[in-house]
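There are 2 protein chains.
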Amino acid sequence: MTADPTLDALRRLLDGRWAWIRDEVRQTLQDPLFTPVYGIDVEQHRERVLEQAKALSSTPGPRLLFPKELGGDGEIGAAVTAFETQAMGDLSLLVKTGVQWGLFGGAILHLGTQRHHERYLGDVMSLDLPGCFAMTETGHGSDVQSIRTTATYDPATDEFVVNTPDDDAVKDYIGNAARDGRMAVVFAQLITGSAEQEIQRHGVHALVVPIRNEDGSPATGVSIEDCGHKMGLNGVDNGRLAFNQVRVPRDALLDRYGSVDEHGTYTSAIENETRRFFTMLGTLVQGRVSISGAALSASKVAVNIAIRYGLVRRQFHAPDSEEEVPVLNFLQHQRRLLPALATTYAMHFAQEELVAQLHEVFSNPDADDLARRKLETLAAAIKATNTWHATATIQTCREACGGAGYLSVNRLPQLKADTDVFTTFEGDNTVLMQLVAKTLLTNYRDEFGELDSLGMVRFVADQVVETVVERTSARAIVQRLIDAVPGRDEEVGVQDRGWHLSLLTWREKHVLEGVTRRMRKGMSNGEDPFDVFNSVQDHVLTAARAHVDREVLELFVQAIDRCEDPAAATLLNEVCDLHVLSLLERERGWFLEHGRLTPARSKAVTAAVNDLCVRLRPHARLLVDAFGIPDAVLAAPIALGDEERRQEEKRNPSGSVQPQPVS
Amino acid sequence: MTADPTLDALRRLLDGRWAWIRDEVRQTLQDPLFTPVYGIDVEQHRERVLEQAKALSSTPGPRLLFPKELGGDGEIGAAVTAFETQAMGDLSLLVKTGVQWGLFGGAILHLGTQRHHERYLGDVMSLDLPGCFAMTETGHGSDVQSIRTTATYDPATDEFVVNTPDDDAVKDYIGNAARDGRMAVVFAQLITGSAEQEIQRHGVHALVVPIRNEDGSPATGVSIEDCGHKMGLNGVDNGRLAFNQVRVPRDALLDRYGSVDEHGTYTSAIENETRRFFTMLGTLVQGRVSISGAALSASKVAVNIAIRYGLVRRQFHAPDSEEEVPVLNFLQHQRRLLPALATTYAMHFAQEELVAQLHEVFSNPDADDLARRKLETLAAAIKATNTWHATATIQTCREACGGAGYLSVNRLPQLKADTDVFTTFEGDNTVLMQLVAKTLLTNYRDEFGELDSLGMVRFVADQVVETVVERTSARAIVQRLIDAVPGRDEEVGVQDRGWHLSLLTWREKHVLEGVTRRMRKGMSNGEDPFDVFNSVQDHVLTAARAHVDREVLELFVQAIDRCEDPAAATLLNEVCDLHVLSLLERERGWFLEHGRLTPARSKAVTAAVNDLCVRLRPHARLLVDAFGIPDAVLAAPIALGDEERRQEEKRNPSGSVQPQPVS
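One line per chain: the protein sequences are A and B, in this order. When we follow my numbering, the leftmost residue of the first sequence carries the number 217, and every step to the right adds one. When we follow my numbering, the leftmost residue of the second sequence carries the number 217, and every step to the right adds one.
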């Protein structure tokens with residue numbers, strides 16, 4: 217509790233359902249062991265991160281990921297919230313543990329069956345069995361269904377033979393591989409039969425494969441290469457794995473979705489190979505949710521540092537004054553930082569909903585396919601949006617801090633470097649947004665799981681666009697606001713929330729219909745499907761963005777509706793105004809093109825953004841404080857109390873500059 | 217010479233007037249000593265860079281900066297071109313030598329007089345006297361005129377006493393200070409008189425101050441602190457310098473623009489203190505020109521790597537084909553990279569003009585004030601634009617290369633980290649753009665050099681906007697194109713160059729007039745000048761950007777006009793189309809708001825950008841090859857021949873994936 221009731225109310229709202237684990241992790245982060253570091257060499261950094269990870273293994277976070285019957289604490293929403301909070305600290309540690317518990321452990325949990333769980337998960341949780349998640353191949357980053365590693369069943373020995381056929385099939389960028397991993401979950405094309413019999417291919421499956429011996433040397437047939445120095449995350453030992461006819465017993469296959477008996481007969485409850493593949497992938501959605509949360513926390517840390525520094529750093533003086541002006545008083549500085557802060561709030565509430573959906577689906581064994589697909593679509597949308605927002609925001613914050621922002625001691629360089637890859641890992645953002653668009657464009661009934669975007673063209677050409685906007689009770693507030701908007705845009709103020717909501721809803725629908733029309737037209741003209749798809753690709757991405765923009769705004773509105781403190785709610789409404797009006801300003805070209813903004817109203821939006829910057833400036837510190845980032849991990853001297861005191865002294869006349877007479 | 221005449225013609229046009237020095241530097245860069253490095257520790261990197269710098273000191277580049285009579289080769293245009301070319305390699309080396317020869321040497325040359333030149337410049341060129349340029353202070357990054365370090369004349373000993381009054385006055389981020397520098401050019405408030413007599417302040421002046429003894433220890437009264445690890449440029453030893461009553465002889469004052477005699481009497485040919493300050497700063501404009509060129513080269517390297525990789529990296533296959541598609545065939549990938557490439561061409565020709573103006577002004581002792589101010593304004597505009605372009609382009613290229621772009625071996629991480637500070641050093645871009653706007657807003661006659669942007673408000677309120685568009689012979693082509701545009705926008709194609717030029721010209725004028733009107737209105741309403749200025753700050757920056765956009769396009773048009781090869785000129789015209797139409801697409805909100813784009817025409821601009829991406833795709837490799845970046849510094853495996861061969865093999869059926877029967 218603080219002395220400020222508005223701050224407390226904001227913090228309560230932001231911390232939400234799993235506030236207790238946020239507080240536990242905040243406590244953990246106070247330990248000097250977790251202070252972010254920089255400028256140490258790769259080997260030192262890897263060593264430190266391993267030590268940190270071992271320390272974390274005895275905290276509650278990791279065990280929350282795994283069910284109670286397996287020795288865990290079984291509350292996935294809390295687990296992902298712990299991960300999000302941990303992301304305020306060193307991101308190498310975060311990714312290292314994300315690989316170990318989330319990806320490696322998660323794959324064993326979700327793709328394996330009881331014998332795998334019993335054999336491995338205890339050691340996974342305790343870090344006695346460090347492991348890798350070996351999915352990505354050099355030549356197949358985004359197109360996982362086309363990976364070339366093979367796992368061929370050999371009935372003679374009752375084993376699978378795992379093999380890397382060529383350089384492009386090498387497992388690449390694999391975390392935990394270069395130094396610490398003992399075992400890997402390897403994704404491979406499952407093959408039964410042999411050259412003499414009929415060869416049968418069953419699509420991508422996962423197997424547990426030992427990659428190192430007890431003494432740390434590579435297992436027989438396994439080649440390991442170090443990816444070496446990276447832009448960031450150098451505490452994570454990424455490497456390349458190649459398998460030369462590596463033999464593993466038949467039960468190494470994680471066989472929840474497909475198994476092979478001792479005669480080499482394959483069975484699966486899901487007959488369609490593509491559908492099976494996407495069902496398997498779908499169980500791993502927590503990885504995307506987690507990275508999305510990590511990106512959000514990184515944005516929070518960055519805006520916190522930049523805003524605190526902007527409040528104490530002074531430059532130039534007003535014409536009639538000797539006193540220099542805090543840079544955050546300049547409109548241009550406000551325009552850099554305050555919309556970024558407002559959108560960080562928006563993304564917080566979007567992430568909260570994503571985590572809630574993840575928790576519902578994974579806590580409920582009867583969750584239906586629709587709920588799973590909704591979750592996967594939301595995860596793709598929010599992961600892409602949150603990671604792009606982090607990249608842009610941290611860059612803005614770095615620039616807003618000038619030279620000080622370039623020094624590693626002030627954390628922004630590391631934040632930038634570490635998060636930069638978030639836009640491409642756990643699903644390349646552009647590919648994820650295509651996935652979002654596809655869900656919007658199809659009713660998904662028959663084609664569930666067909667990722668191949670090119671195939672989508674023919675499909676969409678036959679379908680009616682179906683915009684699934686749910687009418688839940690939480691959405692009632694949104695609908696009420698929309699319904700209250702009069703017929704003509706001009707009759708409402710630019711800060712009318714209903715107008716914002718109806719604009720974004722209309723845009724989503726309009727763009728989707730436009731894409732469908734173009735695809736149909738292309739197909740009915742007999743054009744090549746690739747050309748049809750390719751020519752609408754930017755339009756497809758606009759559709760996905762329009763969808764996310766509407767969704768994020770609605771979730772913000774619902775969050776404000778939940779806020780019980782009137783002062784905090786009023787403030788949040790202005791933050792929401794700044795978020796959505798900055799968005800409308802950025803997208804005003806589209807709205808003007810489509811007749812939904814008049815030139816005069818478009819200019820009014822820009823004026824309102826400026827006005828809101830000025831109005832929110834006095835609350836900037838409160839708004840970043842509400843994130844509850846412990847000083848120990850904020851770390852940057854430019855953001856901390858020392859600097860504030862120093863600047864305060866400077867403002868004090870006794871510290872002012874006088875010519876120094878020579879004695 | 218290559219086998220492709222279009223490539224040769226492009227290379228000739230791009231290499232331009234100082235092609236010979238570009239080729240010399242390309243030759244130097246082949247030496248393994250200059251191969252870019254990554255992942256080594258700070259001390260090793262600094263050591264390596266010093267060794268490289270010493271090797272460079274015997275090449276022609278550095279001597280080109282200094283006049284013949286001082287042992288140099290005296291061709292500043294060639295010197296800056298050499299620097300630009302050297303920037304294709306390691307940027308730590310570039311910045312280290314830029315500090316030594318450009319800033320430290322340049323300050324002695326331009327602010328000092330003959331005795332300083334004779335005493336120091338030989339050792340500066342040979343690197344026997346490593347030095348610093350100590351201008352920036354912790355509390356005064358952009359507002360140099362407000363620095364607090366003092367240099368007070370003491371007639372009793374005929375010395376200046378250099379002093380740092382408080383922590384905010386510490387010289388910060390100073391290159392060459394933490395490890396190698398022996399001397400610094402220190403900027404300080406010059407003071408004569410004493411407490412007993414009248415204290416006289418003469419504004420900012422520069423003095424040479426020894427900072428280290430022969431044995432490397434700090435000189436008496438000098439404290440040196442290491443800035444430590446940075447986001448990038450870790451081969452440069454940035455540090456902090458503080459002076460505690462450090463005494464230097466009277467002739468340590470670089471006294472070209474102001475001197476103090478033995479009685480402590482100050483004289484200067486320029487009476488107005490502010491004007492004197494900006495005259496002194498103006499002589500240092502080559503630093504901005506150089507950084508602008510370095511940013512340009514970094515953009516070229518990045519797009520080169522990303523485009524080459526986009527041509528060989530394949531993902532997904534078309535519905536009717538087993539063959540995967542090179543990612544650069546996807547419209548979305550083209551849209552990321554090709555407009556960035558087109559604008560890199562545009563910025564090349566803008567930089568060329570900037571270097572030509574620099575050369576003219578500095579080679580001509582009679583260059584008038586107007587030419588100098590034109591140069592300074594252009595340097596501010598192009599430096600800001602080039603460095604922002606580099607930041608955005610390198611980020612785009614990194615993302616377009618996926619995980620491979622995150623590995624240091626592929627150069628993009630280092631390029632990103634090293635160039636990131638370019639937007640804030642040698643003048644913060646936002647401040648530089650305000651300077652550009654100010655030049656546009658005033659006729660500058662009486663107020664020359666008054667940087668204080670707040671003072672501008674009152675001034676502008678009394679002035680008539682004067683858009684100085686020169687009518688030189690080079691501009692004749694631009695005017696002809698504009699004159700050929702019919703009265704109504706709708707009557708010309710969206711690729712009509714005259715239409716582009718007239719749109720950008722109209723926008724510049726309209727925005728400028730709007731800013732002036734708002735300022736006048738604010739002042740006549742009696743508002744506080746700070747508030748007036750602050751409320752139009754974003755409008756002021758739009759004015760500056762509108763000016764640069766028009767200027768850059770005109771220079772591109774003039775460059776194409778100089779191209780003698782018809783095939784190359786045709787290609788360049790399409791590159792120019794893509795550059796300007798991408799710009800119009802990005803800025804379409806403004807043009808729609810102001811009635812200069814109809815919705816239909818705005819959509820046609822977007823369609824034309826897509827169309828141009830497809831048309832330029834087959835020429836992408838040629839266009840990046842024309843930059844002439846030696847493979848030795850391109851360095852990235854994803855961009856080099858090996859990878860190309862490997863990918864070629866992959867396309868060969870013999871390398872295709874077959875199930876691996878178990879023997």
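Accuracy of the hints is not assured; some may be wrong.
The list treats identical chains as one, so a pair stands whether inside a single copy or across any two.
As the list claims (entries may be wrong) - Computed list of lysine to aspartate or glutamate pairs in EDC-like fashion (alpha-carbon distance at most 20 Å, straight line):
1) LYS737 with ASP777
2) LYS819 with ASP754
3) LYS284 with ASP247
4) LYS725 with ASP705
Read the hints as simulated data drawn from the structure, not as lab findings.
request  = Since the copies are identical, ignore which copy is meant and state whether LYS284 and ASP247 lie within 20 Å (CA to CA) inside a copy, between copies, both or neither.
outcome  = neither (28 Å within a copy, 62 Å between copies)
message = For LYS819 and ASP754, with the copy left unspecified, which applies at a CA distance of at most 20 Å: within, between, both, or neither?
response = Answer is between: at 13 Å across copies they meet the 20 Å cutoff, but 27 Å inside does not.
request  = Give the relationship of LYS737 and ASP777 under a CA distance limit of 20 Å: within one copy only, between copies only, both, or neither.
outcome  = Intra 43 Å, inter 41 Å, cutoff 20 Å: neither.
ask   = Taking 20 Å as the upper bound on the Cα-Cα distance, should LYS725 and ASP705 be classified as within, between, both, or neither?
value = within (18 Å within a copy, 31 Å between copies)
In this structure, the earlier hints numbered 1 and 3 are contradicted, and the remaining ones agree with it.
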